[in-house]
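When you get a sec, could you build the whole thing from the sequences and use the hints?
Chains as they are written, first to last, in the numbering used here: chain F, 1 to 416; chain B, 1 to 482.
No lab work stands behind these hints, which were simulated from the structure alone. No false leads were mixed into what you were given.
Okay, derived cross-link-like pairs now, PhoX-like style, lysine-lysine, Cα gap no bigger than 20 Å in a straight line:
#1 Lys330(F) with Lys304(F)
#2 Lys397(F) with Lys377(F)
#3 Lys240(F) with Lys298(F)
#4 Lys325(F) with Lys377(F)
#5 Lys115(B) with Lys53(B)
#6 Lys397(F) with Lys330(F)
#7 Lys129(B) with Lys377(F)
#8 Lys325(F) with Lys129(B)
#9 Lys129(B) with Lys213(F)
#10 Lys240(F) with Lys195(F)
#11 Lys238(F) with Lys213(F)
#12 Lys330(F) with Lys129(B)
Between beta-carbon pairs, the in silico distance windows are:
#13 Lys27(F) with His371(B): 58 to 64 Å
#14 Gly110(F) with Ala435(B): 39 to 45 Å
#15 Asp326(F) with Pro76(B): 35 to 41 Å
#16 Ala19(F) with Val111(B): 48 to 54 Å
From a predicted model like this one, the values you see are computed outputs, not experimental measurements. Beta carbons: idealized from backbone N, C-alpha and C, even for Gly.
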Amino acid sequence: MKRNLYLGLGFFALLGSLAILSTVLRKRAAVEAAGVMAPRFEVDPLWPKPLPNHWLLGMTIGVSVDAQDHIWIIHRGGSLERMENYAAANPPAAECCMAAPPVLEFDEDGNLLRHWGGPGQGYDWPASNHGITIDYKGNVWIGGNGRGAAVAPPTQAAALNESQPGGGPFNDNMVLKFTQDGKFLMQIGRPGQSKGSNDIENLKGPAKMFIDKDTNELYVADGYGNHRVIVYDAETGKYKRHWGAYGHKPDDTSLGPYNPDAPPAPQFRNPVHCAELANDGLLYVCDRVNDRIQVFHKDGTFVKEAIIAKRTLGDGSVWDIAFSKDPQQKYIFLADGSNEKVYIILRDTLEILTSFGDGGRQPGEFYAVHSIATDSKGNIFTTETYRGQRVQKFVYKGMAPLTKKDQGVLWPKKAS
Amino acid sequence: MDCREFTCLSPVRKKIAPHLCIAGLLAALALGLPHALFAHDIPNDVTVQGFVKPHGQTLDLLMRVPLDAMRDTEFPERGPGYLDLARVDASLREAAAVWIANSVEIYEDDVRLPKPKIVEVRASLPSDKSFASFEEAFAHVTGPPLSNQVQIYWNQAMLDVLFEYPIRFDRSRFAIHPGLARLGLQVVTALRFLPPGGAVRAFEFVGDPGRVRLDPHWYEAALTFVKLGFFHILDGTDHLLFLFCLVIPFRRLRSLVPVVTAFTVAHSMTLIASAYNLAPDFLWFPPLIETLIAMSIVYMALENIVGGIGVQRRWLITFGFGLVHGFGFSFALRQTLQFAGSHLLTSLLSFNIGVELGQLLVLLLLIPALHLFFRFAVAERTGTIILSALVAHTGWHWMLDRGAQLRQFRFVWPALTAAMLATAVHWLIVMLVIAAVLWYLTTHQPLKFPPGRAASTKIPGITMASLRTVEHSLETEMGGEI
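Pasting the structure below:
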């Protein structure tokens, strides 16, 4: 009886202590919540669903989310190895596999919806497609960075490197506009016609596009061969304006290799890899190899710049950006395909809050994370080029107090 | 093959029409259509947005539907297929009447309202954000239309429409049957109900949810959830197999009472906790629970085969597994709790009642069947082993399949924030209370005692004679294993 009394007292004492602890922790949590917070993400390893028809993705070189939260990617079937194309051989050499069509649309659950793409009548499909953007009217825009002549159908093409180094001048000097069903609408520029960074008729390895819904203007990050941002009317293709780094007139003088200890380069290096317009009218440009973002007004007036991972050589650190989906677009998510991470950056100060990801092939890791986009729920989608060749989804899990500058892979390395 | 031809067929053929279309298109694809264009006349994935707002003697229904989903209406085009906005009004009204007004039924106090008046129609850009709120959407639909200069490809535009229904009173009980499933292969309808008083109640349906009460009485919500619970248990093969395992050695209702009660209490606890957002929100949590449910079946089946002390304490282990199954029930309920209106707890308890009724029905069928099986087909012990082995086999494969899916995830150590620790402490308190209750029950519950020990413990109100009676009945039921 006495034992039971002690046990009961102990139980209620423990219960009371825990209740007090809970209250203290709640108060502490409220204080933490008032401090620096950052969006929290968790990789979804089951997204997307397996592709049908033994289809494989090659270098997955662009991602965009439309107004219905459908996820669009573009990839290069021609970058697959010979053995990955056995099912497409004549006669088929094996049951598996073959390249998926270049343009693929997924729903939020990762189910494949529409798929299309490739050479056709009335337009010049890029030898090496690059970047995909769904505009505010639902149209699909595609760039390219191929060198040499137009490529054979994807399944027969030789493997292509990300920018096909050493393959001659950039031949993909155009952007293409399609409906969501793959019906051709417009082409700006012609293959092999570029006369350089001040040619307003043609592009040169255009990397990514953005369409301003207020003015119906197309902004092109141009690109792998040119050193500029160029603006066209998105309906007529009529030239509007263009500019280089700091808003200067671009020129194609070689800057040599990037030197992190030298003063900032006066021109964009190749490639100019993204041009994204924020809701407040500021244009953010990825100067990939110079490891910097430059910010402009819509007319090309320079506003500011930020250097990201300054000591990154080679392919550079600023590959692609996407904005958070709050109306203020408080955060920038920046894909760095060299250091294999995504930075979370405060848009107004361009200060890096934290980052996630690391090199590798497991879910949540990256190999050459190339493109990034967000949906209306705040989820992030990334694609990987080179031998990464996939699309990943990072589910938005709300805001959390900032605890680490570099979160690493979104699961612990020691876990097996 | 043109999918449009199926739209006027009988209901059965309408159901199979999309599949025939897919088959036809796949065949066309296999024959080598250029560029592998997979042009669906029936869209795969359609999202519909809507607002229902009763005010005075009018009910406004604002809807936004992709034009792509309205397959039989010819919209005037210009150029390469851009919508001719100057001439589109009549087509939009026709589409609104045929594809929305004819499919949506609205009820006031269980009386169906007459066909609505189409007040306004607009073609909109897919990126238009005005359906974020009723006020913005209303202003958009009744505001100026898109300029004819805008070039929008016809099947990338949206149809916005304002319907008006005459009603008697804006505080009546309204229900809606949004029969919009025929718009696509998968149709998600996001609907917001704005009753007088400023509250906004959000719904999201997949396909055709049937008649949905927008502001149900408590007894209407309760009935809905009793039905949901009842049919959920009957549809859930894994829950049924678990129940089957429970029953094989206990075939008298009286001896099943503690076991089934333990299961019920446990799954009610985790189900209610989940509904109040106390369950972990990690992506790996649902696959973990599904794997644990499969493990619970395997464990129960193996225990039936092995017998012994585990069977005697079955109510205890059932309690533990009940906690797991409760999370499983919560995943099934996640999408349907929206139908609870303001009666969340009532609905949760009703769902549990439905589950119990379903279990009761299954038990009433299973127990006599097992009796007959053991009497006429096979000896009890042998039969128990055979049946349990079959169940264990199925459960084992489920466990492997679900475990494989679980292994796709990597455990994420959550950052040790105060909010996370506070949640952990909350769960610790819950577990402590559960442990205390279990401790009390195990020290005061007669069924746990093996023969010989019961006599040494004095429990008020329980006599040796009654314990022996229980033991004897268990011995009889379990083939003398106790």
